[in-house]
Each structure stands twice: as structure tokens, then as C-alpha cells.
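One letter stands for each residue in the lines below.
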Amino acid sequence: MKILAHLVWAAIAVLGAFCLGGIALNHAEPINSLWLVVAAACTYAVGFRFYAKFIAARVMALNDKRATPAERLRDGLDFEPTNKWILFGHHFAAIAGPGPLVGPVLAAQFGYLPGTLWIIIGAVLGGAVQDFVILFASMRRDGKSLGQIAREEVGTVGGFTALVTVLLIMIILLAVIALVVVNALKGSPWGTFTIAATMPIALWMGIYLRWIRPGKVLECSLMGVVLVIASIFGGQWVSESPTWGPWFTFGAMGLSIAVIVYGYFASALPVWLFLAPRDYLCTFIKLGVVLALGVGILFVRPELQLPAFTRFTDGTGPIFAGKIFPFCFITIACGAVSGFHALISSGTTPKMIARESHAYPVGYGSMLMESFVAIMAMIAACMLQPGVYFAVNSPAGVVGATPAAAVATISSWGFPVTAADMATLAKNVGEQTLFYRTGGAPSLALGMAAIFARGGGGDSVLGFWYHFAIMFEALFILTIIAAGTRVGRFMLVDLTAQFSKAAAKKLTGLVGVNVISLVVCAAWGYFLIQGVRDPLGGINSLWPLFGISNQLLASVALCVATTILLKMHGPKFMWITCVPLVWLVAACFTAGWQKIFAPEPNLGFLAHAAQLEQAMRANPSATTAALIFNDRLDAVVTGIFLILVATILVDSLRTWTGILRGTRESRIYEAPFVPSTLQPEEV
Amino acid sequence: MKALQKFGALVLALLRELADENAYQRHLAAHGRPHSGAEWRHFTEHRLRAKYARAKCC
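The listed protein sequences derive, respectively, from chains A and B.
Note that our numbering numbers the first sequence so that position 29 is 29, with each residue one more than the last.
The number in our numbering is simply the position in the second sequence, starting from 1, with 683 added.
Hint data in this document are derived by calculation from the structure and do not stem from the laboratory.
These figures come from a predicted structure and were not determined experimentally.
Among these hints, one or two may not hold up.
[Said to hold, decoys possible] Partial list, computed: chain B residues near chain A (C-beta under 10 angstroms):
#, residue
1, LEU687
2, GLN688
3, GLY691
4, ARG699
5, ALA702
6, ASP703
7, GLU704
8, ARG709
9, HIS710
10, ALA713
11, GLY720
12, PHE726
13, TYR735
14, ARG737
15, CYS741
Ideal Cβ positions, reconstructed from N, Cα and C, are used throughout, including at glycine.
Work out the full structure, taking the sequences as your base and the hints as a guide.
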């Protein structure tokens with residue numbers, strides 16, 4: 001039996017290696033997406049069975065005889081032993097955001113190969129390891145947060161710096177995902193109506209849950225899903241109506257202001273009335289869509305039309321500038337390694353783990369699932385004709401301000417596309433135009449719509465599925481904007497409390513809450529407007545900024561993880577977290593340095609500001625002055641990120657050196673061992 | 684068939700967990716109180732305040 005198991009695992013490993021080799025070496029003709037699916041699935045299986053198990057058994061020494069915080073501190077609310085598969089789903093739903101969907105679509109400008117390899121290898125050796133170790137660390141410390149663990153294990157400098165880093169990341173994240181929505185909905189009455197309709201639907205759900213049928217969340221969410229799908233059909237009618245269509249047709253600036261106003265109200269309204277019902281709805285739709293997309297890809301098995309590598313590996317990409325290293329590795333964050341996951345792994349999940357061994361599938365396994373979502377997004381983007389992909393994603397400032405100019409530029413790159421092709425495609429999905437929709441959401445929606453439409457209905461249902469996918473992405477993102485603005489508010493209060501407790505208290509009153517909500521909205525709204533005004537499309541500057549900040553947060557988490565492993569075992573197992581840490585630090589610092597100082601104006605913020613300054617000497621204008629200021633501001637923000645993380649790195653290195661030299665106490669702040677009395681039927 | 688039923692029950696339990704319905708049942712059991720509109724509102728005040736004070740993932 002044991003020999004048979006060895007043979008099966010050997011076969012899985014060989015199959016995975018064969019498929020990885022196949023996608024890496026076949027550059028001559030389009031390949032089927034199944035190669036990517038099998039390569040990913042086999043690599044994940046081997047990583048999960050061998051590498052994660054090694055970490056669980058040898059490094060963490062997970063012990064089911066040790067009571068977890070869920071058992072010891074059980075209160076029926078936060079601390080509750082939960083079935084491992086339910087917790088797996090719960091944790092996956094918490095870590096799955098728009099990042100793994102949008103990042104791979106943007107990185108597809110390099111071709112399908114660099115991004116795919118990073119998603120698979122980065123997740124197995126980096127992202128899943130980070131999530132697993134932080135989950136383990138938090139579980140052994142009564143469910144403490146990353147900031148608290150950093151303060152205890154590394155030092156107070158690390159803890160404070162982590163708080164500031166997270167707040168800054170939040171602001172950039174909210175701005176960039178808002179920009180994705182704005183670029184998806186501009187000039188689209190169908191999409192705008194559908195998203196606008198989700199707001200009264202959420203309010204109705206809030207009232208229903210509060211007063212009509214309290215506690216019936218599943219029933220209420222089912223009604224919400226039906227109403228949202230009805231709103232997609234309503235959106236088609238609105239877009240075709242000469243009376244109503246113009247009411248829901250907005251330009252990018254109008255939509256940006258609407259999203260900022262939405263962010264303010266959504267974060268200031270009572271949570272039960274708007275945010276919570278919207279979040280329930282979003283979670284169920286998200287899980288349903290991920291499942292449907294997985295089934296769709298297996299059923300349709302589309303061919304990848306984008307090549308393994310495009311000419312933009314040289315750093316001249318139209319969506320964002322920069323070479324594969326480092327920009328592929330910061331563009332795809334959440335699908336491979338995401339610092340944000342460390343916040344979730346040290347949030348609710350460690351308080352719900354029934355047995356220590358459950359941290360293995362929940363922490364490591366959920367990240368592999370997230371990585372697979374990123375692979376699906378990559379497939380959906382790469383199944384588009386390359387010309388279409390670049391026409392949808394390239395900004396007017398790069399390819400030309402008219403459809404004729406855009407198709408001429410894109411065709412000259414070796415990706416033929418015609419204005420007539422684009423017009424037909426736009427008509428098929430019920431849009432006026434699909435040009436200049438930088439941000440990833442529309443091209444992902446096109447890919448998803450093509451997959452779902454091939455399942456039945458063909459071109460006649462393409463418009464419905466396209467707008468279903470846009471609704472799914474926008475609903476998802478707008479929920480994060482509402483929740484993120486709210487969390488940003490709490491963080492600002494926390495930060496104020498570090499200096500003055502009395503001032504922080506004032507900020508929690510009615511006036512304080514409103515003022516601070518305005519401040520947070522103004523902060524991310526500023527970057528959103530900057531992105532809309534940016535002639536290079538906004539994504540070129542904001543997405544790398546977000547990617548750098550997210551990966552820097554991952555570096556913070558990996559510093560904490562390394563410190564813990566060092567204290568547990570000495571230097572023996574440090575490499576487990578040090579290898580991804582070194583890679584991320586190299587990628588982030590190189591990207592950060594290039595974004596600030598690169599001499600190419602499309603890449604370096606300061607070079608771009610200098611170029612604009614020169615243009616302004618010839619033709620002074622307030623708009624150009626604002627663009628120059630924004631470039632310099634982006635350079636400063638990037639610099640701040642690098643300084644913050646360098647501070648944590650230096651602090652960690654000081655701690656590690658002290659421990660290795662024996663001049664520093666290597667005390668582990670774990671909760672004491674208490675034997676578990678949990679019965680099997682309780683797990 | 685039994686395995687399918689078990690899987691269905693697991694999926695339903697997951698959905699109920701995501702919907703906070705399980706947490707509400709635990710709350711009622713822990714405090715020995717029956718379900719009512721007022722109790723649900725009391726539960727959600729605490730539950731949602733804690734839930735939306737944490738960062739949501741990107």
C-alpha cells in the first residue's frame with residue numbers, strides 16, 4: 001500500500017514537471033489552458049503533501065494534544081472550535097479579494113509564462129508558507145494580531161512601523177481598486193445601473209434582516225442574489241433606453257466623485273444597514289463565481305492566445321512600465337504572496353481552530369486555492385486575442401486617443417486588431433466602446449463571459465455574462481472600499497492614541513467619526529483622482545505602488561515569522577521564511593528604487609516629473625503642474641514605504657544577530673501548554 | 684448517497700458560518716436565551732462592530 005502511495009505521488013510530481021516544462025518550452029503555437037491547470041494542481045498537491053507537511057511536523061511540531069485558543073478561551077463568539085473544512089472555506093472567503101483576479105490580468109502583458117510561474121512557485125514556497133507560519137504563530141499566542149506579535153517578538157519599533165505601513169497600504173489599495181471600477185464603468189450605462197441598483201438592494205436587505213426576518217441571513221442573501229441578477233437585465237434595458245441611458249452614463253471624473261461619496265456614506269452609515277448585508281451578498285456571489293469559473297475552465301478548456309512572452313518583457317509595456325524583474329513579482333501580489341493575508345491569518349481564523357493540525361490545511365491550503373483563482377484569471381485574460389487584450393487595457397496616452405490610432409499602434413507591435421473587431425466585440429457585450437479600459441476588470445470580464453457563453457447561449461448571452469462579471473468585480477471592490485474606509489478610520493484613531501489618548505477619544509464621537517471618515521476618503525480619493533487624470537492611465541503609477549506596499553507588508557510578516565522560527569530552532573529552519581523574504585525584499589526595493597529614480601519617464605516618477613517640467617516651460621498649465629506634484633508625491637510615498645520596511649528589516653536583523661550571538665534573550669511569547677479535552681464529536 | 688448528504692451538510696454549515704447564523708446560534712446557546720428580533724439586533728451590534736474593525740483582504 002505504501003509503495004502504491006509512493007508511486008502515485010511520483011506520478012503526480014512527474015506529471016506536474018511535464019506540464020510545467022510544456023508551458024515553459026512551447027513557444028511555437030497556442031497551448032491549451034489545461035496545461036496550466038494540471039501544472040498548478042500537481043505542484044500544489046506536491047507542495048501541500050510534502051513541503052507543508054514537513055513544516056507542520058518538523059518545524060512547527062503541531063500537537064493535537066495541546067488546547068488551541070478556540071478551546072481554552074471559548075466564548076461562543078470569536079473563540080469557537082470549528083470544523084476544519086468550514087474554517088477552510090471561511091478563511092478562503094476572507095483572503096480572496098480582487099487582487100488575485102486583477103494582478104494576473106495586468107501581468108499578462110509580459111505573456112502568460114512569467115506570471116503563471118510566479119503564481120505557482122510563489123504561492124507554494126512563499127505565500128502559503130507566510131500564511132501558514134503567521135496563522136501558527138497567532139494560534140500559539142491566543143489569536144494575537146500581526147502587530148501585537150511583531151511588538152512582542154521583534155520589538156516596539158516593528159509594531160509601530162507595521163501599523164503605519166498598513167494604514168498607508170490601505171489608502172493606496174482603496175485608490176487603485178476604485179480606479180479599476182471607474183475604468184470598468186466609465187461610459188457604461190448598463191454596468192453603472194447594475195452597480196447603482198446593488199445599493200438599494202443592500203439597504204433593503206439590511207432592513208429585512210433587522211426588522212422583518214431577523215437572523216435569516218441566508219434567506220435574505222438568496223433574495224439579494226435574485227435581485228442583483230434582475231438588475232443586470234434591468235441594466236440592459238436602461239442602456240438601450242434613450243431616456244434612461246444618459247442618466248447612467250458617466251465619465252471617469254464623474255464616477256470617481258460618485259465612488260468617493262459612496263465610500264464616505266457607506267463607511268459612516270450603521271454597519272447593519274448597508275455594509276454587512278452587502279458583504280454577505282458579496283461573499284456568496286464571490287464563492288459561486290470562483291466555483292463556476294473553475295468548472296467553466298475545465299469544461300471549455302480554452303486555448304491561450306497570448307504568447308508565452310511578449311515584446312514587453314523589455315520594460316516598455318503599455319499597461320505599466322518596467323521589466324519582468326521586479327515588476328511581474330509586485331504586480332501579482334495576492335495570487336502568489338500577499339502581506340494582507342498575514343492580517344487575516346492573525347485575525348479571526350486562529351481563534352476558530354479546533355486542533356493545531358488544522359492550521360495545515362487552513363493556512364497553507366487556502367492560499368493554494370487563492371493561487372488557483374489567480375491561475376484562472378490568467379487563463380481568462382490570455383484566452384483573448386492579444387490585439388483585443390492590449391486595446392482594452394492600454395491607455396489613450398500610450399496608444400493614441402482615437403480607435404484608429406490605437407489599433408494602428410497595437411497592430412504595429414505585432415498584435416493585429418481592427419477598429420471593426422473592437423466595435424463588434426463592444427456591440428456583442430452591450431458597450432459603446434471597449435478601448436482604454438485600463439485596470440484589468442473589463443478584460444477579465446471579457447474572458448469570463450467568453451467561458452460562460454461557451455457553456456451555452458453563445459454570442460447572444462455574451463452581454464449578460466460580461467455585465468455579470470463586471471457586477472461581480474465592482475460589487476466586490478466597492479464592498480472593500482466601504483469596509484476599508486471604515487478600518488482606515490479605526491487605524492487613524494489607533495495611531496492618534498499612540499501620541500494622545502484624549503485626542504483619540506475625541507475622534508470616536510459623532511463629529512470625530514464624520515471628520516475622520518472624510519479625511520480617509522479624501523486621502524484615497526486624492527490618489528484616485530490623480531489616477532484618472534494621469535495620461536498614462538493611472539494604473540501605471542498606482543498598481544506598482546500598491547504591489548510594492550503589499551509585498552513590503554509580506555516582508556514585515558516574513559520578518560516576524562523568521563524571528564519566531566529562529567527563537568524556536570536556532571538558525572536551522574530560518575531558510576523556510578528567509579528565502580521568500582530575501583526574494584521579496586530584492587523585488588520590492590528594486591521596484592521602489594526604479595519607480596523613484598529610473599531615468600525613463602514612463603517608469604520613474606522623478607524622470608516623468610522632469611519631463612513634464614520641461615514641457616511646462618514651453619507651455620505652462622495648471623494641469624501639468626498638478627501632474628508634476630503628483631509624480632513627486634508618488635515618489636515620496638514609495639520612499640516612505642521603503643524606509644518603513646527598512647526600519648523593520650534593520651530591527652529584525654538586530655534581533656536575529658543578538659539571538660545568534662547569545663546577547664539577546666530568545667524568549668518565545670507562546671501561551672503555556674494546556675492539554676486538550678476536546679472530544680472528537682466537537683471538532 | 685451518504686457521502687453526498689454529508690458533503691451537502693458541510694456546504695450548508697459553511698454557508699451558515701459565513702452568514703453568521705452559526706455564530707448567532709452559539710450566542711443564544713452561550714447565554715441561554717431564545718431567538719427574538721431584539722436578541723438578533725443585540726448580537727449583531729457586537730458581532731458586526733468587531734467584524735468591520737478588521738482589515739478586509741485585497
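Non-conforming hints, listed in increasing numerical order
Going through the list in order, the structure violates hints 1, 2, 3 and respects the others.
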